[in-house]
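Kindly produce the complete structure, drawing on both the sequences and the hints.
There are 2 protein chains.
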Amino acid sequence: MAQTVERTVSPRRAELVAAATRLFSERGYHGTSMKHLADTLGVLKGSLYAHIGSKEELLYDVVAEGAGRFLTRANAAAALEGSASDRLRAFLVGHIETAIEHLDAATVFLNEWRYLSDDLRADVQDKRDAYEGLIRRIVTDGISSGEFRADADVAMTARLVLSAGNWVYAWYRPGGSLSSTEIGHRYTELIVRGLETNSINAEVAK
Amino acid sequence: MAQTVERTVSPRRAELVAAATRLFSERGYHGTSMKHLADTLGVLKGSLYAHIGSKEELLYDVVAEGAGRFLTRANAAAALEGSASDRLRAFLVGHIETAIEHLDAATVFLNEWRYLSDDLRADVQDKRDAYEGLIRRIVTDGISSGEFRADADVAMTARLVLSAGNWVYAWYRPGGSLSSTEIGHRYTELIVRGLETNSINAEVAK
DNA sequence: CCTACCGATCGGTAGG
DNA sequence: CCTACCGATCGGTAGG
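Quick note, the sequences are listed as chains A and B, same order. To convert, count from 1 in the first sequence and add 23; that's this note's numbering. To convert, count from 1 in the second sequence and add 23; that's this note's numbering.
Warning: the hint list may mix true and false statements.
[Said to hold, decoys possible] Okay, derived cross-link-like pairs now, DSS-like style, lysine-lysine, Cα gap no bigger than 30 Å in a straight line:
#1 A:K58 with B:K78
#2 A:K78 with B:K78
#3 A:K78 with A:K150
#4 A:K58 with B:K58
#5 B:K58 with A:K78
#6 A:K68 with A:K78
[Unchecked claim] In silico contact screen, one side only, chain B against chain A (beta carbon under 8 Å); selected entries:
#7 G54
#8 F171
#9 N189
#10 W194
#11 R216
Hints in this document: simulated from the structure, not taken from any laboratory. Backbone N, C-alpha and C define an ideal beta-carbon position, used for all residues, glycine too.
Shown next as structure tokens:
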């Protein structure tokens with residue numbers, strides 16, 4: 024009782040999850056074998072089962088870790104005081120920063136979660152629904168406050184924000200000229216202000 | 024020489040490609056076995072090789088067919104006479120109609136193309152680049168004509184359009200209340216006109 | 001973490 | 001399109 028209990032996942036398991044994040048991202052869940060994973064860690068595949076129960080458990084770990092990161096950032100953005108467009112910007116910037124800082128985890132989260140079995144997939148679906156609820160709420164608030172146009176389509180606006188954020192993994196490559204923060208800002212400008220000229224927003228903007 | 028030459032792919036091969044489109048979409052390329060495909064068609068897996076050379080050839084067929092559909096519609100949109108926003112709308116509506124009418128093919132095209140070997144993948148990449156070039160051109164034209172704001176970011180705007188279109192497969196389910204055409208229109212409105220109030224666009228719009 | 005192994009399945013082929 | 005088969009690999013386990 025004097026010693027702190029080892030409640031953290033074993034470091035070896037964490038290495039396994041890290042390797043799985045990498046390989047599942049590059050080759051897909053079904054395209055990655057346990058032997059592949061084992062080779063990466065320098066052990067034989069049978070040895071992996073000292074740390075995990077199954078390959079699917081590993082996928083769930085990677086996906087849940089990704090989902091958790093996105094949700095944490097989004098909750099922070101939604102809780103900000105400030106205008107709806109401030110919160111929308113914080114939400115999208117946070118999403119894109121997360122996606123880029125953890126590109127492999129984001130890729131697996133977005134592409135491979137559908138291969139989870141029913142129970143685990145339902146768990147992830149709940150998190151995705153909660154996530155979408157946060158951005159919808161921000162849009163709704165902006166309409167209530169008069170900041171966004173009254174006839175704005177909440178569902179479609181929320182989806183456009185998510186589409187911008189969720190597609191980043193597909194085109195972003197490290198070393199680009201724009202930072203993740205800058206990418207988020209530009210998308211937000213586009214969505215909030217639109218493209219057309221003849222808008223007084225152009226003059227209002229700094 | 025009197026008979027027309029059988030130049031069309033054999034109907035059996037077409038059925039195979041159709042089955043592959045379905046299964047690769049649901050389970051992924053690596054998650055679909057040749058036995059699986061064969062079961063769907065009611066034959067033994069060895070028999071499939073009378074129609075194809077390899078499993079990868081099948082993936083390429085599905086992906087190339089999807090890419091072709093998108094490109095055809097996009098070329099038509101880009102060739103329209105009319106304002107840049109008209110062409111942007113036609114581009115996005117065409118993309119979304121194509122994605123929804125051929126949801127499985129679109130899903131495979133977007134998610135599984137990366138598992139093609141280098142040569143075939145490069146071929147698909149070229150088509151993707153051409154596609155992105157078309158929408159960038161439309162945005163550039165809109166800036167030149169003064170229709171879009173002069174400080175618009177061409178690359179980011181084009182990416183936002185593609186993000187909206189490419190993410191549809193991830194959330195759209197048949198039986199929704201919006202038609203594919205309507206979805207395309209609403210996204211286009213959002214991108215072109217923006218969300219904020221205090222825009223004279225609100226009054227200008229019909 | 002290794003040795004040694006399990007039954008099942010993988011993509012693909014030869015020959016008819 | 002079937003029969004019959006190929007070597008390789010799959011996820012996973014028992015026992016140490």
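Going through the hints against the structure:
1. A:K58 with B:K78: holds, 23 Å
2. A:K78 with B:K78: holds, 25 Å
3. A:K78 with A:K150: Distance ~22 Å between K78 (chain A) and K150 (chain A) Cα, so the pair holds.
4. A:K58 with B:K58: Holds. K58 (chain A) to K58 (chain B) sits at ~23 Å (cutoff 30 Å).
5. B:K58 with A:K78: Roughly 23 Å between the alpha carbons, so the hint for K58 (chain B) and K78 (chain A) holds.
6. A:K68 with A:K78: holds, 11 Å
7. G54: holds, 4 Å
8. F171: holds, 5 Å
9. N189: holds, 6 Å
10. W194: Since the shortest Cβ distance to chain A is 6 Å, the answer is holds.
11. R216: The hint holds - R216 (chain B) has a Cβ within 8 Å of chain A, the shortest such distance being about 5 Å.
Taken one by one, the earlier hints all hold for this structure without exception.
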